[in-house]
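K.L.:
Using the hints, position chains G and F against chain L.
Residue numbers (the working numbering), protein chains in the order written: chain L, 1 to 256; chain G, 257 to 563; chain F, 564 to 992.
These are calculated hints, taken from the structure and not from any lab test. You may find that some hints are simply not true.
[Stated by the list, open to error] Covered by chain G, per the in silico footprint, the following chain F stretches (three or more residues, Cβ under 8 Å):
1) 793 to 805
2) 917 to 927
3) 963 to 971
[As the list claims (entries may be wrong)] Here are the simulated SDA-like pairs of lysine to any residue, each with C-alpha atoms no more than 25 Å apart in a straight line:
4) L/Lys-54 to F/Asp-868
5) F/Lys-957 to G/Leu-347
6) G/Lys-409 to G/Gln-395
7) L/Lys-120 to F/Arg-855
8) F/Lys-957 to G/Leu-382
The beta carbon of each residue, even a glycine, is placed where N, CA and C say it ideally should be.
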Amino acid sequence: MPLLDVKKMTHYFGGLRAVHDYHLSIEPGQIRGLIGPNGAGKTTIFNLLTGIHKPTEGEILLDGNSLVGLFPHQIAALGLGRTFQNLCLWRHMTVLEHVMLARYARLDYGLVGAFFGTAKRQRQEAESEIVARKLLRMLGIEDLAEQNVLNLSYGNQRRVEMARALATEPKILFLDEPTAGMTPEELIQMMAIIRQVHAELGLAIFLIEHRLKMVMELCEQIQTLVFGEVIAEGTPEEIQNNPQVIEAYLGKETLH
Amino acid sequence: MTFFFQNVVNALQYGSFYALIALGYSMVYSILMLFNFAHGDIFMTGAYIGFGVATGLTVLAAAGTIVLPNWLILVLTILIAMFLTSMLGMLVERLGYRPLRDAPRASAAITGMMIGLILEYGNLLLLGPQRRSFPRLIQTVTYDVGGVILTNKKIMIVAVSMVLMYALHLFISRTRWGLAMRAMAFDHVVVPLMGVPINTIARLTFALGSALAAVAGIFFGLAYPVLDPYMGIVFGWKAFVAAILGGRGSVMGATIAGFMLGFIEIFVAMVFPSTLRDLIAYSIILGILVFRPHGLFGEAYSARLRL
Amino acid sequence: MANDMLSGTPPAGALRSSWRRLTAPVPLMGWLLGSLGAALLELAAGGAVAGLLGLDKIPLLFGFLIAFKQPLAIPGVLAYDILVYLLPVLLVGRLSAPPVNRLVAALYRLPLVVSVLVHLGLLYAALHLWSGVSDYRVLMLNLMLIAIMLTLSLNLINGYMGEFSCSHPGFMALGAYAASIFSLVLFVDDRIFGQALLPAAAGPWLFPVALVAGGAMAAVGALVIAIPSFRTRGDYLAIISLAFLFIVKSMIENLELVGGPRGLGGQPGYAGLTTVFIWCVLCIWIINNFVRSTLGKALNAVRDDELAAEAMTIDTRRTKMTAFMFGAFWAGIAGGLYAHVLQHVTPASFDLRMLAEMLAMVYFGGLNSVYGSIVGALSLSVLSEALRPLELIKWIFIPLLLILVMIFRPRGLIAFKEFNVRDIVKPKA
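For reference, chain L alone in the conformation it holds in the complex (with noise of 0.2 Å):
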């Protein structure tokens, strides 16, 4: 059984159709790829299954859950998470104070325990602060634990909101253009944090990306989409010979 299963997905903006007819299946452990020009309706597919927004129709499966009509929180709580293609850190908070926050979903001590500093919520945060310091350990950034996320590089910004969706223990891991304006060095930095990631914890991932060598490289499968359709799907070989998605997208890139 897959582990995400996306069937017949449309959505409507008011009359506009931003996807169509959608359909995914992620094996645990797999990375998959969706490219497309902009406005193809790339992140409008990840507030789908995210649960930003509600779908007009069809079905998202997580591990045999169904995840429509899920507030985003219950969807992440779930086993999926994400990055955000603008970063979307909480300016006021330092890199630990993130990752802590991220386990929200797996404290239970409840306001009794916030209230009163119960000796549950004493273990529990402590427990919390372990969790996130092994991913920050991992992710190269333990030193800037206490910094406020603001004082780091984008490089380093983007790191931390790794870790915080690591931190929510996702099954799965959506990355909205993780390298979207870094520099080549961090980009290759950022390509080994994905493998290391994927290696180590053995997600699945599923990546939107606007670098296409980036995608060619990590991905075993990847979706063309065009406005709202995926019009090719295969492995990066297949892709790339595809004389659709190369008259769509990448028609562009081979000219030079």
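P.N.:
For chains G and F alone, coordinates are given in the frame of chain L:
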């Protein structure tokens, strides 16, 4: 039925005050993305400036120093008060808001409230807590139209308010400055970079809003010939609510919502005991905002407070 | 130090550094002991000292009240402050520093609760003795402690969660009236509510229940704002909360059962300094616990980026509901205390002026900060009391001060600072 129409007339007059004040809130909001919480007290100060000018002119005219018919005194009062109050508005902008343009919006809100307090207590300090009666500049003439009592003042107030609102509309939609204001309202980040002078526009907006508030203040003085230092709080906050209800930053919305608030208040008082007026009026407003969270005419827009 | 002399440190700098040298080794407990000593001294010899300095009586608020009325008394007042407050506090604090530090260090090794309780006990003793001199001081202290509770609970919503809520006086009114009705119905033979249902002696023991009932009432009222807050943020929510304030006020004015616009009086005087002090400490403790927990930090996440909060498993609806209801609960408790301190409440007092004062305390002290709230509430209360003789000018002076603070420190004096009790009770040196 006559009773109903009588109330329509009263509501129109009441609504004119709210609409004139609400326009000031709304314009400032659309340009600077902040509510000028001092605006209610600018309205109060405008009324007092009008009171001062009118009294002064009346005294001079009575003493024979100058020869002015009463209607001219009224026109002069309105013009001078508009001018002086817009000066005050620009001063408030310069001292209270410009230094805070990049600060969290809540800080600007606090500053506005504090400027309001200063105006209020400054007035109390200068003139004392007693109410002042506004000079009766025009003789009240009463017309009976099918049982509905109209007075020349009511007609003038509603008519002049409407003319002013239309003039503002023309200014915003036809002139170069109006274009700059609309551009600023559309985009606060890029437009200043295109060479639109944000400080001038902000000053202009405050001046226009304050001038309208001064007119509202003088009309208020004419209609209910008493002024008290707390009128800014009472009216200002309600007009503020109207500005929000209309959809923030929407000039048309503010006008309509201002009149609507006048109608709600007058008609609630018509049906229920007047002590319930605020309760019911605000409950209606709460209801509207709960079901139309972006106001009546405002577009859906998620405000992210910057802290 | 000789270096300082050679390089020609300006006198102000030298003064500051010697002041620092003087005070550095004194732990908090030293200052508390010093204050206790000063209070004792005032109790024993305050009248005599005041007489010697040509003052009619002990200056009640460090002489501010006198100084504005009789400028000639200013030197006497200054001398009194120095002799009775400054010198004893400094002397006791400095001289007792070495042994007190050892004591504090010993306490510090025990569970934190012990240190905290000892410190609070000393603080209370000093306040109790100081306020024993006159009822005015008791009233002022009570109102200041209530102001801390209000500021802190408002900061929860406006600072920690970043909404601009204007309904706090409304929550306070709900709490004040609910707690008052509870007390009046059960324990007082009252004109409106008739015979007492329970013996009056049980009243003080059930007072916490009355307060919690008031807090609960306010928390339920907060649902009116919490539920729209799921969809609405920012300005519109501010207006909804403002409308709520007007509705509560107007509703109470129209309810003849609770006295209408004349208000409700005759609350038994259950809220003495001890009671208010304990509730204030509880409020600070619980709110400080909350904002340091992950559940509390979720408020900040909702403020800074709600979308990201949802994606990181944070239940934003629950978080908003908690913030509004919890903040309102404490406003309600504060309202109940307020009603029992003044023993009379009118709906007119819960107006825009009170809202402006509360907002001023929050934004003056500092957003997102328990420290800031305490400092903001205390400093503005004291300032407001001290400048009371100036009457109208006070209301021009204080707003000006606030505008300056907003311009130069837009987030308040002590914003975004964690209130860490462990650091406060730490031994020095």
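K.L.:
Confirm or reject each hint.
P.N.:
Here is what the structure says about each hint:
1. 793 to 805: holds (count 9)
2. 917 to 927: Since 4 is at least three, the answer is holds.
3. 963 to 971: With 5 residues in contact (Cβ-Cβ under 8 Å with chain G), the coverage given for the region 963 to 971 of chain F holds.
4. L/Lys-54 to F/Asp-868: Measuring from Cα to Cα gives roughly 20 Å; hence the hint holds.
5. F/Lys-957 to G/Leu-347: Roughly 22 Å separates the two Cα atoms, so the pair holds.
6. G/Lys-409 to G/Gln-395: holds (9 Å)
7. L/Lys-120 to F/Arg-855: Measuring from Cα to Cα gives roughly 15 Å; hence the hint holds.
8. F/Lys-957 to G/Leu-382: Within the cut-off at roughly 14 Å; holds.
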